[in-house]
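> Sequence:
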Amino acid sequence: MKPLAFFVVGIIVVFGVFAIVLNVVRSTERVFVVVDSSFAMGPVWDQVPSELDDIDGSSYSEFALATEKALVHTWQERLELGSVTPFAPCGFDSIENHPEASDADELVLITTPASCPTEAFAEWRVILLQP
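Following my numbering, the numbering of the sequence shown begins with 64 at its first residue and continues without gaps.
Keep in mind that the hints are not guaranteed to be accurate.
SDA-like, lysine to any residue: derived pairs with alpha carbons at most 20 Å apart [unchecked claim]:
{"no.": "1", "residue 1": "Lys132", "residue 2": "Leu115"}
{"no.": "2", "residue 1": "Lys132", "residue 2": "Glu92"}
{"no.": "3", "residue 1": "Lys132", "residue 2": "Phe155"}
{"no.": "4", "residue 1": "Lys132", "residue 2": "His161"}
{"no.": "5", "residue 1": "Lys132", "residue 2": "Ala167"}
{"no.": "6", "residue 1": "Lys132", "residue 2": "Cys179"}
{"no.": "7", "residue 1": "Lys132", "residue 2": "Thr91"}
{"no.": "8", "residue 1": "Lys132", "residue 2": "Pro152"}
{"no.": "9", "residue 1": "Lys132", "residue 2": "Pro162"}
{"no.": "10", "residue 1": "Lys132", "residue 2": "Ser146"}
What follows is a set of in silico ranges between Cβ atoms, one per label pair, in the way DEER data are often shown [as the list claims (entries may be wrong)]:
{"no.": "11", "residue 1": "Ala164", "residue 2": "Pro66", "range": "55 to 63 Å"}
{"no.": "12", "residue 1": "Asp109", "residue 2": "Asp156", "range": "25 to 33 Å"}
{"no.": "13", "residue 1": "Ala164", "residue 2": "Lys65", "range": "58 to 66 Å"}
{"no.": "14", "residue 1": "Asp156", "residue 2": "Thr91", "range": "23 to 31 Å"}
{"no.": "15", "residue 1": "Ile75", "residue 2": "Pro194", "range": "53 to 61 Å"}
{"no.": "16", "residue 1": "Ser121", "residue 2": "Leu67", "range": "20 to 28 Å"}
Don't read these hints as lab results, they were simulated from the structure. For glycine and all other residues, C-beta sits at the position ideal for the given N, C-alpha and C.
Could you build all of it, start to finish, from the sequences and the hints given here?
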């Protein structure tokens, strides 16, 4: 019976070490999300939280969130919009100037067709919210 106990304990230790090593060496994907917070987003603003929940449902990812006006938060495990509300006209000119944009593995822009043109964001995943 003793050899069986040693075998079972050995298997548990081996798989435990394997799981720990796998979690440590697994790379974390960085996702930079920009939410358009212009006037044009007003009619679809209630859809933004569910889109953010869909995006941050990924395991082994960390997220930075910004609007086209300012950084909301830098890298963390969940996307938190906070008290951002749509105001002012849109302007996507400075989005790619955020350091998080260059550090990210994936770039996501959440906007609406009624807002600024998105043709310049060919490398981004653009999510267009419909009213």
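> It remains to establish, for every hint, whether it holds in the given structure.
Hint-by-hint comparison with the structure:
1. Lys132 / Leu115: Holds, at about 18 Å.
2. Lys132 / Glu92: violated (24 Å)
3. Lys132 / Phe155: holds (8 Å)
4. Lys132 / His161: Cα-Cα ~11 Å, so holds.
5. Lys132 / Ala167: holds (19 Å)
6. Lys132 / Cys179: With a Cα-Cα distance of about 13 Å, the restraint between Lys132 and Cys179 holds, given a limit of 20 Å.
7. Lys132 / Thr91: The hint is violated at about 27 Å.
8. Lys132 / Pro152: holds (10 Å)
9. Lys132 / Pro162: The hint holds at about 14 Å.
10. Lys132 / Ser146: Measuring from Cα to Cα gives roughly 14 Å; hence the hint holds.
11. Ala164 / Pro66: 55 to 63 Å: This hint holds: roughly 58 Å between Cβ atoms.
12. Asp109 / Asp156: 25 to 33 Å: holds (27 Å)
13. Ala164 / Lys65: 58 to 66 Å: holds (60 Å)
14. Asp156 / Thr91: 23 to 31 Å: Given about 29 Å between the Cβ atoms, the range holds.
15. Ile75 / Pro194: 53 to 61 Å: At roughly 55 Å between Cβ atoms, Pro194 and Ile75 fall inside 53 to 61 Å, so the hint holds.
16. Ser121 / Leu67: 20 to 28 Å: violated (41 Å)
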